[in-house]
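Chain B: place on chain A using the hints.
What follows is each chain in one-letter form.
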Amino acid sequence: MSEEILKAESINKYFGMNHAVNNVSLSFNKGEIHGLIGENGSGKSTFVSMLTGIESVDSGKFILNGEELHVKNQVEANRNGISIIVQEMGTLSGLTVAENIFLGNEDRFVKHGIKNANAMNREAQSLLNKYGLERINASSIIDYYNFEDRKLIEIVKATYFNPKILVVDETTTALSQSGREELYKQIKRVKENGNTVIFISHDLAEVLKLTDRVTVLRDGVLVKTVKSSEVNEDDLKKLMVGRELNGKYYRTDYGKPVSKDVILAVKNVSVPNEIKNISFELHRGEILGIGGLSECGMHEVGKAVFGASYDRKGEVVLEDGTQIDSIPTAIKHSIAYVSKDRDNESLVVNDSIRDNICLPSMDRLGKNHILLNKNLSKFANEYAELVSVKMTNINQFVSDLSGGNKQKVALARWIGRDSDILVFDSPTRGIDVKVKADIYALMSKMKEQGKSIILISEEIVELLGMCDRILVMKDGSLSGEFMRDPALTEEDFIAKMV
Amino acid sequence: MSQNDTTREKRRSKFSEKYLGIVILLLLVFAFWAVFKILTPANFGTPSKLASYLQSCLIYAVGGCGLYFIVVMGLWDFSIGANVVLSSILACYFSQKFGYAGLIMAPIVCGTLIGLLNGIVYIKLHIPSLIVTVGLSLIYESLGVFATQGSEQVLSSSYRAFGQYPGCLILALLAFLFAAFILNYTKIGTYTYAIGSNEYVAKNMGVNVNKYKVIAFVLGGFFIGLMSILTISYGTSMTAASNMSSMSRNFMPMMGVFVGLAFRKYKKPITAIVIGEFIVALLFNGFVALGAPTTIQNVVTGIALLLIVTVTAKPVKGAVVK
Numbered sequence: 001m002s003e004e005i006l007k008a009e010s011i012n013k014y015f016g017m018n019h020a021v022n023n024v025s026l027s028f029n030k031g032e033i034h035g036l037i038g039e040n041g042s043g044k045s046t047f048v049s050m051l052t053g054i055e056s057v058d059s060g061k062f063i064l065n066g067e068e069l070h071v072k073n074q075v076e077a078n079r080n081g082i083s084i085i086v087q088e089m090g091t092l093s094g095l096t097v098a099e100n101i102f103l104g105n106e107d108r109f110v111k112h113g114i115k116n117a118n119a120m121n122r123e124a125q126s127l128l129n130k131y132g133l134e135r136i137n138a139s140s141i142i143d144y145y146n147f148e149d150r151k152l153i154e155i156v157k158a159t160y161f162n163p164k165i166l167v168v169d170e171t172t173t174a175l176s177q178s179g180r181e182e183l184y185k186q187i188k189r190v191k192e193n194g195n196t197v198i199f200i201s202h203d204l205a206e207v208l209k210l211t212d213r214v215t216v217l218r219d220g221v222l223v224k225t226v227k228s229s230e231v232n233e234d235d236l237k238k239l240m241v242g243r244e245l246n247g248k249y250y251r252t253d254y255g256k257p258v259s260k261d262v263i264l265a266v267k268n269v270s271v272p273n274e275i276k277n278i279s280f281e282l283h284r285g286e287i288l289g290i291g292g293l294s295e296c297g298m299h300e301v302g303k304a305v306f307g308a309s310y311d312r313k314g315e316v317v318l319e320d321g322t323q324i325d326s327i328p329t330a331i332k333h334s335i336a337y338v339s340k341d342r343d344n345e346s347l348v349v350n351d352s353i354r355d356n357i358c359l360p361s362m363d364r365l366g367k368n369h370i371l372l373n374k375n376l377s378k379f380a381n382e383y384a385e386l387v388s389v390k391m392t393n394i395n396q397f398v399s400d401l402s403g404g405n406k407q408k409v410a411l412a413r414w415i416g417r418d419s420d421i422l423v424f425d426s427p428t429r430g431i432d433v434k435v436k437a438d439i440y441a442l443m444s445k446m447k448e449q450g451k452s453i454i455l456i457s458e459e460i461v462e463l464l465g466m467c468d469r470i471l472v473m474k475d476g477s478l479s480g481e482f483m484r485d486p487a488l489t490e491e492d493f494i495a496k497m498v
Numbered sequence: 001m002s003q004n005d006t007t008r009e010k011r012r013s014k015f016s017e018k019y020l021g022i023v024i025l026l027l028l029v030f031a032f033w034a035v036f037k038i039l040t041p042a043n044f045g046t047p048s049k050l051a052s053y054l055q056s057c058l059i060y061a062v063g064g065c066g067l068y069f070i071v072v073m074g075l076w077d078f079s080i081g082a083n084v085v086l087s088s089i090l091a092c093y094f095s096q097k098f099g100y101a102g103l104i105m106a107p108i109v110c111g112t113l114i115g116l117l118n119g120i121v122y123i124k125l126h127i128p129s130l131i132v133t134v135g136l137s138l139i140y141e142s143l144g145v146f147a148t149q150g151s152e153q154v155l156s157s158s159y160r161a162f163g164q165y166p167g168c169l170i171l172a173l174l175a176f177l178f179a180a181f182i183l184n185y186t187k188i189g190t191y192t193y194a195i196g197s198n199e200y201v202a203k204n205m206g207v208n209v210n211k212y213k214v215i216a217f218v219l220g221g222f223f224i225g226l227m228s229i230l231t232i233s234y235g236t237s238m239t240a241a242s243n244m245s246s247m248s249r250n251f252m253p254m255m256g257v258f259v260g261l262a263f264r265k266y267k268k269p270i271t272a273i274v275i276g277e278f279i280v281a282l283l284f285n286g287f288v289a290l291g292a293p294t295t296i297q298n299v300v301t302g303i304a305l306l307l308i309v310t311v312t313a314k315p316v317k318g319a320v321v322k
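Those protein sequence lines, which keep their order, are chains A and B. 1 is the number of the first residue of the first sequence in this note's numbering; add one for each residue after it. 1 is the number of the first residue of the second sequence in this note's numbering; add one for each residue after it.
Excised from the complex, chain A in its bound form (with noise of 0.2 Å):
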C-alpha cells in the first residue's frame, strides 16, 4: 500500500452559476505521477490552481503531509512544497532570467533591504547548467528567449527545489519534442525522489505513457480513478464524455469524388521566413488538409490565404478571377478563418458572445449603417444554438467560457456569415473529444453543403479521418500529398513530414 501525501476533501468552488469543481474528494499518493483528464471546463485546471493558491477554495480543504494547507498564492504553495507549470506564459516581461527564477523568493539573496543580484544571477546560472541549459544567459532580460525556452525556465523555476507536489497543467501543446522530452525528464525526476507529480493533459496516449493512476473529472465532478496500467484511450474518452465514442466520430465515407471545380487556386505564394512557392487547388465541397510539423509554415498559409500575411508574394485567385490580398476582399467574397490562436487572433474575449457571433457580419444586420439590437441578438441566438455553445445566454463574455466552447463561437460567426470558403487551423487544438465530436460532424456537414474547407492540423490522425485530400508540408514548402484512403497510415504521413 502507497503511502499518501496529499489528500482533497470535499473541495467546491463556483465561478457565479457555475459550480466548476464539485465535492471533489481525491488522494495523492508518494512518489505517483497523477493524470488529471476531463473536457475543457470539467474543473481540472480550477482544482489545482485552488492547490497552488492562485484561486481561493469555497469550501473544502486540502491535507498535505496530515495538515491542513492555506496558501493564498504561488509562493507561499512553493513554501509548503507544491509548485505548478501553468498553462499560459508563467514568465515575466522585462525581468532577467534569474529575477524569473527567483521571483517572490528574493529575500534570500537581500540583506538590509539591496539585493545581491550577482549571486541571484550566479545561483540561477548553475541551477540552468545542472538542467543542461547552459545556453541560457541567467543575467539576460528573459524577452531575448523564446516561448519554449520560456517555457524551461518555467520549468527550473518550478523543480529545483525539489518540490513534493508538482503540477504540470497542459504544457506539452507549447512545447517541441526535445522540449517535451525535458519535462518527462524532470516529471521523472520528481518521481524518483519519492514526491508526486499531478498532470493535465488533453493527449491521452501521453497521459498513459507517463501517469501510475489518472483521474478524469467529467462537469466539475470526479467520475472515477483508475490504474493506467487497466484501462486504454477509449476507456478513458468514455469516462471522460459518459457516452460510447468508439473513436468513430471522424468521416466513415471513401471514394466518393469531390467536383472538379476549382474554387480557389494558390499560385506561388511565398511570405519571408515563413513559406516558400506554395501553389495548390481548393475544389468545391473539399475539405483539404494541411499537415506537418508545427513549425513548418502551415499556420502560416492559412493567414496567405485569407489576405493576412504580411510581404506575401504569390497570387491567391478566386474561381471569377477575384485575388484576394486584404482582409476585408477575403471576406467580402466568402472565406472565413479561424486562427490557431484562439484568445488573440480569432475572438474578442472581453466582449459578448452576441458581438463575437455578429461582428465579420455586422454590414448585413443593420439597416441604413443603423444596428439593431434585436437583429443582432436574434442572429447571434441562432448561430450559438447551432453549434450549441454551452452558455448562460448570449450576453455572457467569451471570456468566461471554456477553450471548446470558445471555438465553438468561433465558428459560429462564419456559419452565420455563410462563408463558402474555411480555412480552419487546428480547429480542436486543447479541445476534449465531445466538442471535437461537434466540430467534425459540423464540417461534415459544410461539405454536404458544397462549401470548401482548408483544415490545417497538427494531429495527423484527424487529417486523415477529416480531409479528401491532403498537403503535407516541410520546411515552408510542399513535401507531399496523399488521397483519401482508409489505407493510408500516420507512418505514411510522418515520412513526408521530416
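Any given hint might turn out to be false.
Pairs of lysine-lysine residues, derived as DSS-like cross-links and limited to a Cα-Cα distance of at most 25 Å, are as follows [to be verified]:
no.: 1; chain 1: A; residue 1: 313; chain 2: A; residue 2: 332
no.: 2; chain 1: B; residue 1: 203; chain 2: A; residue 2: 164
no.: 3; chain 1: A; residue 1: 111; chain 2: B; residue 2: 267
Part of the chain A face toward chain B, derived, beta carbon under 8 Å [as the list claims (entries may be wrong)]:
no.: 4; residue: 99
no.: 5; residue: 114
no.: 6; residue: 474
Distance windows between CB atoms, simulated [what the hints assert, rightly or not]:
no.: 7; chain 1: A; residue 1: 162; chain 2: B; residue 2: 127; range: 50 to 56 Å
no.: 8; chain 1: B; residue 1: 124; chain 2: A; residue 2: 23; range: 34 to 40 Å
no.: 9; chain 1: B; residue 1: 200; chain 2: A; residue 2: 371; range: 31 to 37 Å
no.: 10; chain 1: A; residue 1: 224; chain 2: B; residue 2: 186; range: 47 to 53 Å
no.: 11; chain 1: A; residue 1: 351; chain 2: B; residue 2: 146; range: 42 to 48 Å
no.: 12; chain 1: A; residue 1: 19; chain 2: B; residue 2: 186; range: 42 to 48 Å
no.: 13; chain 1: B; residue 1: 174; chain 2: A; residue 2: 351; range: 48 to 54 Å
no.: 14; chain 1: B; residue 1: 295; chain 2: A; residue 2: 273; range: 40 to 46 Å
no.: 15; chain 1: B; residue 1: 173; chain 2: A; residue 2: 371; range: 55 to 61 Å
no.: 16; chain 1: A; residue 1: 375; chain 2: B; residue 2: 124; range: 41 to 47 Å
no.: 17; chain 1: B; residue 1: 124; chain 2: A; residue 2: 224; range: 46 to 52 Å
no.: 18; chain 1: A; residue 1: 233; chain 2: B; residue 2: 120; range: 43 to 49 Å
no.: 19; chain 1: A; residue 1: 177; chain 2: B; residue 2: 34; range: 49 to 55 Å
no.: 20; chain 1: B; residue 1: 173; chain 2: A; residue 2: 273; range: 53 to 59 Å
Just so you know, these hints were derived from the structure itself, not from any lab. In this text the structure is predicted, and so the values were computed from the model without any measurement. Think of the CB as a built atom: it goes at the ideal place given N, C-alpha and C, for glycine as much as any other residue.
Coordinates of chain B only, in the frame set by chain A:
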C-alpha cells in the same frame, strides 16, 4: 558548439545587451549635435553652451527617473507639473526660514506626500491613474494659489547653489545613482518590472501589487521633489499655476522616460533617460540657435521623439500596440 564557442558567444551577446543601447544613444547625440553645428556653427554647441543644455536636461531627467517607476508599471502621473509648482513655492518659502535645509527638505517632503496621495487615491478609487492624477493636479495647483495669493515667489540669491555647476550636477548625479540603485539592487525594482509585465502573475507570486504601486508613486513624488529643488534654483522664481497651466511641465520629463522605456532591454534605463533628455535639449536649443519660432521647435521635437522611439522599439509586424 564547443564550450569555448558558447562562452565567446555569451560574452559577445553580453556586450551588446549591456552597451549597445548606450552606444546608439551617444551616436544620436553626436548626429544631432553635428547637424546643428554645421547649420549654425557660431550659435550652437560650444562647450559652454553644451554645459548649459546639460543643466536643463538634468532637471528633467531627475523628474524622469521618478516617472519611470510609475510608467513602467503601466500607470501615469500627470500631476508632475502641479507637484513641481507647489513644491517650488514651498521651497522658496521655507528657504527664507531655514536656509538650505528648508530649500532641500520642503520640496522633498511636499513632493513625496503628493506622490503618496496620488498612490492612495488611485488604489482606493479603482480608477485609471491618468484621471486620478489629472484630477488631483487641479487641487495641487489651487493649493499653490491659496498659499501665494497669486504673487510670484522668488528664491533669495543667497540660496542658489543648485542653480549652477557643480551644485546641480552633484544633486542630479545623486538622484540618478539612487534611482539606479533601487531598480537594480532592491526588490522594488524587480517588482516594478514584474507588475508592469503581468500584474496577475506577479500577484500569484506573492507580490503585494497595491503596496508596490503606492511605492512607485511615492518614489515618483520623491524625485519630483528633487526636480523642484533644481527647477526653482535654476529659474529662481515661481508663480502659482491654475486652470491646468502646470500641465505643460509634464511633458519634458516624459520625453526622457519614453526613451528610457524604448531602451529598457539594454538594462540601463536611467542612463537612457539622461541621454534622451539631452537629445531633446539639443534639439530645442538647436532650433533656438537657428532662430526658428517656438511652435516649429515643438513640432520638430515631437516628430523627433516619435522617430527615436519607433526606430529603437523595432515594432513587430502585426503586433498590437496600445
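Quick rundown of the hints versus the structure:
1. A distance of roughly 21 Å separates the Cα atoms of residue 313 of chain A and residue 332 of chain A; the hinted pair therefore holds under the 25 Å criterion.
2. At most 25 Å may separate the alpha-carbon atoms for a hinted pair to count; residue 203 of chain B and residue 164 of chain A meet this at roughly 23 Å.
3. For the suggested pair residue 111 of chain A and residue 267 of chain B, the alpha carbons sit about 23 Å apart, so the restraint of at most 25 Å is met.
4. A distance limit of 8 Å between C-beta atoms decides the matter here; for residue 99 of chain A the minimum to chain B is near 5 Å, and the interface restraint holds.
5. Contact between residue 114 of chain A and chain B, as hinted, is supported at the beta carbon level, the nearest pair being about 5 Å apart and thus within 8 Å.
6. Residue-level restraint check for residue 474 of chain A is violated (minimum Cβ-Cβ distance to chain B is 25 Å; threshold 8 Å).
7. At roughly 45 Å, the beta carbons of residue 162 of chain A and residue 127 of chain B sit outside the given window of 50 to 56 Å.
8. Between residue 124 of chain B and residue 23 of chain A the C-beta distance comes to about 38 Å, which sits within the given range of 34 to 40 Å.
9. The given range of 31 to 37 Å is respected by residue 200 of chain B and residue 371 of chain A, whose C-beta atoms sit roughly 33 Å from each other.
10. For residue 224 of chain A and residue 186 of chain B, the hinted distance range of 47 to 53 Å is satisfied, since their beta carbons lie about 51 Å from each other.
11. Taken as a hint, the range 42 to 48 Å holds for the pair residue 351 of chain A and residue 146 of chain B, whose Cβ atoms sit roughly 47 Å apart.
12. The hinted range of 42 to 48 Å is satisfied by residue 19 of chain A and residue 186 of chain B, whose Cβ atoms lie roughly 44 Å apart.
13. At roughly 50 Å, the beta carbons of residue 174 of chain B and residue 351 of chain A sit within the given window of 48 to 54 Å.
14. At about 44 Å, the beta-carbon gap between residue 295 of chain B and residue 273 of chain A stays in the expected band of 40 to 46 Å.
15. Distance hint check for residue 173 of chain B and residue 371 of chain A: the Cβ-Cβ separation is about 60 Å, which falls inside the suggested range of 55 to 61 Å.
16. Checked against the hint of 41 to 47 Å, the pair residue 375 of chain A and residue 124 of chain B passes, with Cβ atoms roughly 43 Å apart.
17. A beta carbon spacing of about 49 Å between residue 124 of chain B and residue 224 of chain A agrees with the range 46 to 52 Å that was offered as a hint.
18. Checked against the hint of 43 to 49 Å, the C-beta distance between residue 233 of chain A and residue 120 of chain B comes to roughly 57 Å, which is inconsistent with it.
19. Checked against the hint of 49 to 55 Å, the C-beta distance between residue 177 of chain A and residue 34 of chain B comes to roughly 53 Å, which is consistent with it.
20. About 45 Å separates the C-beta atoms of residue 173 of chain B and residue 273 of chain A, a value inconsistent with the hinted range of 53 to 59 Å.
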